[in-house]
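Asks: Sequences and hints are given; from them, build the entire structure.
Protein sequences appear in the order of chains A and B.
Just so we're aligned: 936 in this note's numbering is position 190 of the first sequence, and the numbers increase by one with no gaps anywhere.
Just so we're aligned: 707 in this note's numbering is position 131 of the second sequence, and the numbers increase by one with no gaps anywhere.
In short, the hints are calculated from the structure, not lab data.
Warning: the hint list may mix true and false statements.
What the hints assert, rightly or not - Derived list of chain A stretches under chain B, where covered just means 3 residues or more per stretch with a C-beta under 8 angstroms from a C-beta of chain B:
| id | segment |
| --- | --- |
| 1 | 765 to 771 |
| 2 | 1043 to 1056 |
Stated by the list, open to error - Computed list of chain A residues with no C-beta within reach of chain B, every gap over 10 angstroms:
| id | residue |
| --- | --- |
| 3 | E800 |
| 4 | R804 |
| 5 | A812 |
| 6 | H833 |
| 7 | S863 |
| 8 | L872 |
| 9 | A893 |
| 10 | D894 |
| 11 | F905 |
| 12 | H927 |
| 13 | A938 |
| 14 | A948 |
| 15 | R952 |
| 16 | V1020 |
| 17 | T1101 |
| 18 | L1115 |
As the structure is a computational prediction, the values presented were derived from the model and not from experiment.
The beta carbon of each residue, even a glycine, is placed where N, CA and C say it ideally should be.
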Amino acid sequence: MAEYPLAEVEDLYSYYSQMMDSVTDYAVIRLDGAGVVRSWHAGAQQLTEYAAEEIIGRPIAQFYTAEDVAIGLAESDLDAAAKAGRHQTEGWRVRKDGSHFWAAVVLTAVHDRDGASGYGMVVRDLSERREQALTLRSLEQMVNSIADYEVIRFDLDGFIRSWNQGAQTLTGYTADEVIGHQVSMFYTAEDARSDVLEREMAGAVRDGSLEVEGWRIRKDGTRFWANIVLSPIRDDEGDVAGYVKVARDLTERREQERLVQQQRDEILELSTPVIQVWDKVLILPLIGTLDSGRAARLTESLLERIAADQAEVVILDISGVPAIDSGVAQHLLETVAAARLMGTISILSGVRPDTAQSIVHLGIELGSLRSRTSLKDALQLALGLVRARNWTGDGARDGAGDVV
Amino acid sequence: MGPGMGPETLSDRVPIMRMGEDLLITLQGDLDDLTVESIERGVTSEVARMRACGALIDISGLDVVDSFVAGALGRLVQMIRLLGAEAAIVGIRPAVAITLVQLGVSLPGVTTALNAEQGMARLRRTRVNGNTGVRP
Chain A
747 MAEYPLAEVE DLYSYYSQMM DSVTDYAVIR LDGAGVVRSW HAGAQQLTEY
797 AAEEIIGRPI AQFYTAEDVA IGLAESDLDA AAKAGRHQTE GWRVRKDGSH
847 FWAAVVLTAV HDRDGASGYG MVVRDLSERR EQALTLRSLE QMVNSIADYE
897 VIRFDLDGFI RSWNQGAQTL TGYTADEVIG HQVSMFYTAE DARSDVLERE
947 MAGAVRDGSL EVEGWRIRKD GTRFWANIVL SPIRDDEGDV AGYVKVARDL
997 TERREQERLV QQQRDEILEL STPVIQVWDK VLILPLIGTL DSGRAARLTE
1047 SLLERIAADQ AEVVILDISG VPAIDSGVAQ HLLETVAAAR LMGTISILSG
1097 VRPDTAQSIV HLGIELGSLR SRTSLKDALQ LALGLVRARN WTGDGARDGA
1147 GDVV
Chain B
577 MGPGMGPETL SDRVPIMRMG EDLLITLQGD LDDLTVESIE RGVTSEVARM
627 RACGALIDIS GLDVVDSFVA GALGRLVQMI RLLGAEAAIV GIRPAVAITL
677 VQLGVSLPGV TTALNAEQGM ARLRRTRVNG NTGVRP
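Replies: Structure representation (structure tokens):
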């Protein structure tokens, strides 16, 4: 060891002390070989709230929690430092007022010129960083526990930065396979070509978030119908730093909706059958409850059939309709009016006494509506009307043709 | 009718065809105030000139049939009747029929038919009934 002149040593010591006092984020403490505090400074006081005279001469165990003291942690830390020369650890330490802080501690074995051993101890309060780390980890766990949703983050260029369990379940890719790759790898070839990602990112930034649905591709090449919510992540300055994408698989729901719609269409088709019973005579047997959707469709399909078959008379048989309310009656009369505009006569059949009462009491204008109680009578009237209508006046008289 | 407005000129603009004692008027495209006016002039002068007994108005070629067009058609039918002829409207398509009913237009009292043939038969029958009240 080099010999220094005393004055120089004193200068160095003073310089060193001043420097130590300026360190406030760390506690830098000298311990003797028994682990007793031998030096103190401003940073140590700020961290632990002990003044120098209160702590110098006290053992290091003063800073340990009762549980750690009970298991002799202070001694084992010192031993570890003595053996390895340096010992780094993290753990709870106690302030003067008994409150805890999460400390990162580095113990270094030092030897003075006489060969006596001691320790240098650097302590840093990591409570806040630990809290942040815990928050991050809990968020990560939360995100991972959402098994049905893909929750991923990607950067401004669309490169994937984080991946969750739900994303793996949904797409079949593990984190290793996707992190660092472009998120467009899940797009259909067509979407990938047509800059869908750029448009989605721009839309998310413009509106704060963007919800889209579309086909996406799994690892095995199969596709799924995804509902996607894309939101920009902004940094403290408010600049967009990346995007969070939350996606779920709606393939099944989409399929079910399609099926339900298809069945509904088929039922509507079945529930509005138009039957041709005679040349130029159609029957529309109405069965069951009529709602406005069904009634509108009914009108439409009847008029199409009239045009296709060039029907002259149509019989609307309402004997199978349980109740006629004003809405249904209105729909029926609109159908009759539309058919008349096309040049076709309508006959109502199957009107029951109570139906007759309610139609009239509803105050619905019947116009020139023809009506018969039975389908047989209605058919007879229809055939008569057709014969009369086709009687041109320059041929022989058609027997059944009668005044219309 | 002004002397300069010959019926030939008008029937060029509004296709009017003679079928025996009846006229077939085919309306096409889009109807506006001006077109309606020239149709009215053309049809009335032709009905009078030909001493037609009936007039069929085929509207299957019209692009739009709204309440304005429906009103014009109703007036045209009345003009034809005032000239002693019967009128019928043919070629109302299903979608047009639904639209008119929803607009509250039902052309009351106007004879309608699916096609020109049926319309013609209907005109003749009305004529026979209306003129003699008995069958031949």
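Asks: Now, for every hint given, state plainly whether the structure supports it.
Replies: To see whether the hints hold, each was checked on the structure:
1. 765 to 771: Violated - the segment 765 to 771 of chain A has 0 residues with a Cβ nearer than 8 angstroms to chain B, which falls short of three.
2. 1043 to 1056: holds (count 7)
3. E800: holds, 94 angstroms
4. R804: The claim holds: A:R804 sits with its nearest Cβ about 95 angstroms from chain B, beyond 10 angstroms.
5. A812: The claim stands: A:A812 keeps its Cβ more than 10 angstroms from every Cβ of chain B (closest is about 86 angstroms).
6. H833: holds, 89 angstroms
7. S863: Check passes; 102 angstroms lies beyond 10 angstroms.
8. L872: Since the minimum Cβ distance to chain B is about 75 angstroms, A:L872 lies beyond 10 angstroms and the statement holds.
9. A893: holds, 51 angstroms
10. D894: Answer for A:D894: holds, closest chain B Cβ roughly 46 angstroms.
11. F905: With a cut-off of 10 angstroms, A:F905 remains clear of chain B, as the shortest Cβ separation is near 53 angstroms.
12. H927: Non-interface label stands for A:H927: nearest chain B Cβ at 53 angstroms, farther than 10 angstroms.
13. A938: A:A938 clear of chain B: closest Cβ-Cβ about 42 angstroms, beyond 10 angstroms.
14. A948: holds, 40 angstroms
15. R952: holds, 39 angstroms
16. V1020: Holds, since 12 angstroms exceeds 10 angstroms.
17. T1101: holds, 22 angstroms
18. L1115: holds, 12 angstroms
Hint compliance for this structure: hint 1 is the single one not met.
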